[in-house]
Each structure stands twice: as structure tokens, then as C-alpha cells.
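J.: Here is how the chains run, residue by residue.
There are 2 protein chains.
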Amino acid sequence: MSIRHDVAGMKAIVPVMMSASADQRNRALRLMAEALNREKDWIFGANGEDLKRAEEAGITGAVIKRLTFDEGKLKAVTEGLLSLADLPDPVGRVRLRRSLDEGLTLRQISCPIGVIGVIFEARPDAMVQIASLCVKSGNCAVLKGGRETAATNRVIFELLSGAVSEAGLPENCLIQAELHSEIDELLSLEDLVDLLIPRGSNAFVRYIMDHTKIPVMGHADGICHIYVDKDADEDMAVRVIVDAKTQYAAACNAVETLLVDRAAAASFLPKLASALTEAHVAMRGTKEAAAMLPGIITEGADFRTEYLDYTVSIGLVDGVREAVDHINTYGSHHTDAIMTENDEAAAYFARMVDSAGVYRNCSTRFADGFRYGFGAEVGISTGKLHARGPVGLEGLMTYKYELTGHGHTVGDYASGERSFHFRDLNDDV
Amino acid sequence: MSIRHDVAGMKAIVPVMMSASADQRNRALRLMAEALNREKDWIFGANGEDLKRAEEAGITGAVIKRLTFDEGKLKAVTEGLLSLADLPDPVGRVRLRRSLDEGLTLRQISCPIGVIGVIFEARPDAMVQIASLCVKSGNCAVLKGGRETAATNRVIFELLSGAVSEAGLPENCLIQAELHSEIDELLSLEDLVDLLIPRGSNAFVRYIMDHTKIPVMGHADGICHIYVDKDADEDMAVRVIVDAKTQYAAACNAVETLLVDRAAAASFLPKLASALTEAHVAMRGTKEAAAMLPGIITEGADFRTEYLDYTVSIGLVDGVREAVDHINTYGSHHTDAIMTENDEAAAYFARMVDSAGVYRNCSTRFADGFRYGFGAEVGISTGKLHARGPVGLEGLMTYKYELTGHGHTVGDYASGERSFHFRDLNDDV
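Line by line, the protein sequences are chains A and B.
For what it's worth, the numbering used here labels the leading residue of the first sequence as 1, then goes sequentially.
For what it's worth, the numbering used here labels the leading residue of the second sequence as 1, then goes sequentially.
So that you can see chain A by itself, here it is in the shape it has in the complex (with noise of 0.2 angstroms):
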């Protein structure tokens, strides 16, 4: 059976999903909580299998713990299941209630976007998180995880599976891909896939926006600036740095390049690099940089390396304006902050700098769908349309117009007959 032949299945049951009950889903999700509670020796025990598996492939260290789904992960995935059957539904919400004549009344309602396909590389949890996502927002999901834990996402997946269908939502709205060359075959189909979503590393997301056709939301890279100004509070900036960098340093949305006015370089360099050296992060920068302290290496300063790790790149810029210009040209357009205490430097970072997060005197840390407030994360978009930074349940939703007459035609507008009255309802009419 063909991934084709299975999406196109899905594709015909997407307006079922979509007008299945907030009830209905947020059931589901509970079950789904309850299922993978009552069978967790069952997977821990694929999840033993495939760690043991990965071991003898000789995979160690950070990536066996990301393979790896114990107690802990357990917790955090139910816990996040219940709280997001708690959040407001986002299907049906009225964006805009409008009569446009006499009798004649528009409305934009939010509705589910239909398929969404999610690829993401080994972490089993993401596959729960993710598709309780495209649950609790009506859509339908094609679910291709890693084949490292493959054992595992099919334990998982065969649990979610059961969840949906007892709460009798149709039982292919989630369907799960499990072969590699199925990838592949998945990017092609434009025309039953709305949007891709690829969870995993920087090059894994870049393929995939290589090879398809279909919208991909998300971000290949976060090359993330903290630009410190002749005006910054220079403790400030030191604490925020150093937070910026080491808080987790693999998370795209931590800091890779410094950018020191050249103003306040003397004063404020040796300050850094005692922190930066103290917290066990490298420093590589310019050859001007270097010349003014010793802990600072000219190697390897390319400003369009994202490290993802103890490093970091330092470089001068004269002043706000040719920091704007560096960020623009070197970024990834994700976060990037300005430290500063003068108002015109900051606003002007803010206009100028074309990034989905422009950020004064805080931790590019913050970029997170969870510290925005939205409940539940989605992902983070690098991409101008649709949805831009990070993304909660609203980014996996569209609308639909509805417009509501007794009869009129356009024959009569276009006559003078008749003519728009254009006017915005409240909820209450």
C-alpha cells in the first residue's frame, strides 16, 4: 500500500475532522494520555530495543538520551496532553462578523488547514506532541518518525491510534509512515499534503525544504545576534550574554554572534570574556577583536556558523546602524536583541532589523511558544507568511468565509440597485 493511496484516504475524511466536536478531540487527547499511562512497560520495553539497537550502532551520549523515552518523558507528554485538552478551542472562532448589505452578512471563522505532515528525526515524544497538536486542532496528520526508535513510535503510535478511534474520531485521521524511502515519496504529494512540518536537526529541516513543494513551517537555521550598544548597560549585557549562550546552547534560538560597538569595546570586552571564560565558552572573532584581548581566537569566525554549542563569534560594528546592516546580511531572521538604555538605538534596531524576534535588553532564550504564552508549541517559523516565530495552535489553522443572503445577486450591486452598507457586527447581533 502506498503512502499516496493512504494520504489520499485521508485527504477524503479531512472534512469529518474537521467538524468533529471540541468534545471529541479534547477526549481523544485525554485517552491518549490514559493509553500511554496503562501501556507504558509496553513502551518501555520497544524503547529498550531500540536503545539497545542504537547502541551496538555504536550511537552514544546526547543522542541516545534523545532517543530514549523513560518516566520523565512519560510525564511530560501526558502532562502536556491534559493541558492542552485544556486550552480554548481553536476550530469555529468568528474573526469577523460583517453585514455588507441589508440581510447580507459575512463571516471569516477559523477552521483546521486539512493534512499536515510531520517528519521528525528520533525524539519518540515529539510524534505525541505533534500529533496531539494536529488533534486538538482538527486537522489530520501523516506521522513519519525516526528510524531509530522505530520500535517505539510504533507502540506509540499504535496507542494514539486507539485514542482517536475511541473517541470516535475517524480512525485514519493519523496515519504513520514507517519507511524511509516513504519520505520521500511523501514530499511529492503537494496536492494532498497542505503543510510540512519537520521536526530534528538544522540539516534534516533544510532537506526537507529543498525537496517539496508543499509549505514547510519551520527554520533551517538560528544564527541569533545580541548586539551591545555604546549605551548598554554593560552588566546588563553580561548577564543576559551569558544566559543567552549557556542556558542551552544546542537550542536554536541561543545567542551565536556578539556585536560590540567599537564605542564601548575597551570598557566592556574584558568584562565579557572573563564571564564568557568562567562559563566555559570559546570565543572566536575578527582579527580587531582579537588584537584587544587574548581570550579572543581568529579562527573559524565566519559569522554564518551556527554552533549550537560553548561557542561563540565576537565582532565590532560602529554603532547601531552597521549592526543593523550585519545582522541583516549574516542572520537567520529568528532573534535577534539589541542592549541598550538609548531609545532612538533601540527603536531603530527594532524597525530596521527584518528577524522574527526583535528583542531589547533580554535573552534570545525567550523565543519560545511556551514563554510567549501560547500554551502549546507548534514550532519555530523562519518563514514570512502564514506564521512567523514561534507558532502555537493558530498556526496549524486557516478560515473559511461564510456568507449568508436571502437571495442577493451581484446584478444589483453593479446596477446601483442596491449598494454595500460595510458595517462591523459585534458578537452580540
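Simulated from the structure, these hints should not be mistaken for laboratory data.
In this text the structure is predicted, and so the values were computed from the model without any measurement.
For glycine and all other residues, C-beta sits at the position ideal for the given N, C-alpha and C.
Misleading hints may appear alongside valid ones.
[Unchecked claim] DEER-style ranges, computed between Cβ atoms:
no.: 1; chain 1: A; residue 1: G168; chain 2: B; residue 2: E344; range: 15 to 23 angstroms
no.: 2; chain 1: A; residue 1: V16; chain 2: B; residue 2: N342; range: 14 to 22 angstroms
no.: 3; chain 1: A; residue 1: V16; chain 2: B; residue 2: R262; range: 19 to 27 angstroms
no.: 4; chain 1: B; residue 1: A347; chain 2: A; residue 2: E34; range: 27 to 35 angstroms
no.: 5; chain 1: B; residue 1: R304; chain 2: A; residue 2: S201; range: 19 to 27 angstroms
[What the hints assert, rightly or not] DSSO-like mimics (lysine-lysine), calculated; alpha carbons at most 30 angstroms apart, straight line:
no.: 6; chain 1: A; residue 1: K75; chain 2: A; residue 2: K52
no.: 7; chain 1: B; residue 1: K213; chain 2: B; residue 2: K11
no.: 8; chain 1: B; residue 1: K287; chain 2: B; residue 2: K230
no.: 9; chain 1: A; residue 1: K213; chain 2: B; residue 2: K11
no.: 10; chain 1: A; residue 1: K230; chain 2: A; residue 2: K287
no.: 11; chain 1: B; residue 1: K213; chain 2: A; residue 2: K213
no.: 12; chain 1: B; residue 1: K287; chain 2: B; residue 2: K271
no.: 13; chain 1: A; residue 1: K271; chain 2: A; residue 2: K230
no.: 14; chain 1: A; residue 1: K11; chain 2: A; residue 2: K65
no.: 15; chain 1: A; residue 1: K230; chain 2: B; residue 2: K11
no.: 16; chain 1: B; residue 1: K11; chain 2: B; residue 2: K52
no.: 17; chain 1: B; residue 1: K213; chain 2: A; residue 2: K11
no.: 18; chain 1: A; residue 1: K11; chain 2: B; residue 2: K230
no.: 19; chain 1: B; residue 1: K73; chain 2: B; residue 2: K52
no.: 20; chain 1: A; residue 1: K65; chain 2: A; residue 2: K75
Chain B: place on chain A using the hints.
T.: Then chain B, alone, in the frame of chain A:
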């Protein structure tokens, strides 16, 4: 000089254009209107050359009309420019203002997308319309017009370009591409162009969609349906259908397929046939429909044809469920209507039809930005991401998140020392 080189230069001035004031942008629109009026003889002269060449090439009738730029078109575009200048500024709107914690404030602010590529066939007035929408919204635009009106386009572009410079906007915020070969180059610039808007025939839009990785806003097909339920007001249904088919048959929102409830067919079809015959509409239908009425021929009724002409397909269905299945299978997700006095059938139709517009008891021809009260229309999208259905200036906007703190670090929240309070602020705060 290659298009890539020019568009790369344009990309560099995106932040400058983004931060131009509303006054400057509106002034550019008013100067455009002035220049077009002042230099109208120059435009008409160039258009005369284009028309002469077109006639020599054997182009006739409706197409010649679309190539023509005369006093009537001039009046329409200059009035359009002035009313666009009067519309509220879409840039810099605060869509969300949220206190995440004491002193840490998040704002979601609307901003231009960046570089828009516009490719249009024939109509020289389209260049004015789209260029002005891009300027109003603070975007940069690459404009590629049809070669049939190359001389007219060149003059119009020079006038528009002069107006933006005079208003103090960056000179290269509008670029013209003139060679047909440049279309394919433009389609390949996915690293520089954020959005493509094609204007022209369905085949043309389909070609653009199939040959680029850049997001495309538009619709390749407009196969709109009207379903006449057994509980329809039959006289109303006839009036609406005649309007939807004949008020402007070449439009994408004209109806192409009529589905009639079998329970209503015997009573309704004769009334329908008589009205359509009087309106010079040819009817094609299934054998079953044809057997009930001699006016319907069975050839060529495949339900996937967008006639864009005085022809309509007719089929019979068993109630609203079968109608919805038919529409979701054969339609183009543009605009579909139900004629019924039955609230339950209407609700089912609105919920289950997966189209940008789901209408009740009114003509599909209302699917239009001006008729929705959007003031200016970017186009109609049958895609589901970013914008769906008729798209106003909002479709040319994205947003960025501004986060302002006082040295806030994520580590303090991870450690539990601080916690978020998530309070939405109103505009007065």
C-alpha cells in the same frame, strides 16, 4: 545586468522601505496618480503602438480590449490610487501586547513581507494596481508585465518609479523586468523573493505555481458550484444562478456546475432551463439530467471544466451529503453555494465544504475583496496558508515580535526563581 543582481540590491533596501512613514507611502500613491494624469498622452501613444503591433499579429476582440489603456482605464486606476492612499495604514499595527512578567513586554507588530514578485499578463492597469498595493504596504516589488503591452508598461513604470523617488522612497523599491526569459529567473530567486503574485489566465497561474519554490498567492482554477436543495426557494435559486453564471461569465467566481437535489429536479429543472435559455446559457449535464429535460446536452459535461463562458454543467444528487462530496471532489476550493431554507442542510454545507467561501442563498459572484469591504484587493487565494479567499492589504503583511526587558534571562525562569504571569495589555497601558 541580471534580475538576480537587481533583486539582491532590492533585498538590501527592504528595511529602509519597511520603515518609510505612512505619509511618504501615501504621498507616493498620490504622485503616481498625478503623473499618470499629467503624462496620459505619452501613455496613450505608447499604448497605440502596442495595439497596432497586436492587431498586426492577429489579436482581436476581448484580448485587444484587455490590452487597451484609455481614458476609462486611466480614470479607474487613478481613482483607485487616491482611495488606496486614504485607507488606514496596515504597517505597524500592534496585534498583541502581553506582559510576560514584571518589566518583560511582548508586542506582535504588523510589518511588510519584503520583496514581492508580480507577474501579469496583458492588462497594463494591473501594473498600477499591484505596484500601488505593494507601496501602500511598505513592500518592494519586482514587476513583470506582458510583452503585448511592453511599450505601455515601460511608460507606466517610468512614471510610477519617478513618483516613488519624488516621495523620498528608495528608488529601487520598484523594479521592472522586461524580458520573457526573466520570468524563469525570477521564479528561481527563492532566496530573495518572499511572495509571488501572478495575474492572468488560469493556465498562466498554474505555470507559475508549478515552476517555483516561492510561495504563490492566487488561484489556478475557479470551479464554483451552486447546490439547489429540495428545501430551496426555487424562484430565488433561479435568480441567483442566472446572476452567478451571467453577471460576468469570465470571472473565476462565476458558477460552473449546478447540482440539483433529485427530490427537487422535476419541479426545478424546467424553471431553471427556461431562465438559462432566455439568458443564452448552454446547459450540459449527465444523462439522467438530460433525460428529464431536452434542453440539456450530455456531451462535454465532466464536472472538472471551468467554462468561463455562457455554459454550465448540471448534475443530480441525493441531498446535501452527496452534494458536499461532489464539491469536495471536483471543486477547486474557491466558492460554493447552497440554496436552501433548511438551516440544518445549510449548517452541514457550511461546515463540510472545504472551500474559501461557503455561501447560502446568494451568488458566488460576491467572492471579491471589494464586495467583502476590504477596500483594495490583492487577489483571491485558493491556498489555505497565509491568506484564503479574497485578500486585502493584510495579505501583503507579516509581523514581528518585539520583546522588551530589563536584563531578563531565561535561567531565572528555568530555575523557578521567577515565573511568567501572561497578562494581555490593552492599548492604554
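J.: Does each hint hold? Answer for all of them.
T.: Structure-based check of each hint:
| no. | hint | result |
| --- | --- | --- |
| 1 | A:G168 with B:E344: 15 to 23 angstroms | holds, 20 angstroms |
| 2 | A:V16 with B:N342: 14 to 22 angstroms | holds, 21 angstroms |
| 3 | A:V16 with B:R262: 19 to 27 angstroms | holds, 23 angstroms |
| 4 | B:A347 with A:E34: 27 to 35 angstroms | holds, 33 angstroms |
| 5 | B:R304 with A:S201: 19 to 27 angstroms | violated, 42 angstroms |
| 6 | A:K75 with A:K52 | holds, 23 angstroms |
| 7 | B:K213 with B:K11 | holds, 18 angstroms |
| 8 | B:K287 with B:K230 | holds, 20 angstroms |
| 9 | A:K213 with B:K11 | holds, 23 angstroms |
| 10 | A:K230 with A:K287 | holds, 20 angstroms |
| 11 | B:K213 with A:K213 | holds, 6 angstroms |
| 12 | B:K287 with B:K271 | holds, 19 angstroms |
| 13 | A:K271 with A:K230 | holds, 14 angstroms |
| 14 | A:K11 with A:K65 | violated, 36 angstroms |
| 15 | A:K230 with B:K11 | holds, 28 angstroms |
| 16 | B:K11 with B:K52 | violated, 38 angstroms |
| 17 | B:K213 with A:K11 | holds, 23 angstroms |
| 18 | A:K11 with B:K230 | holds, 28 angstroms |
| 19 | B:K73 with B:K52 | holds, 18 angstroms |
| 20 | A:K65 with A:K75 | holds, 16 angstroms |
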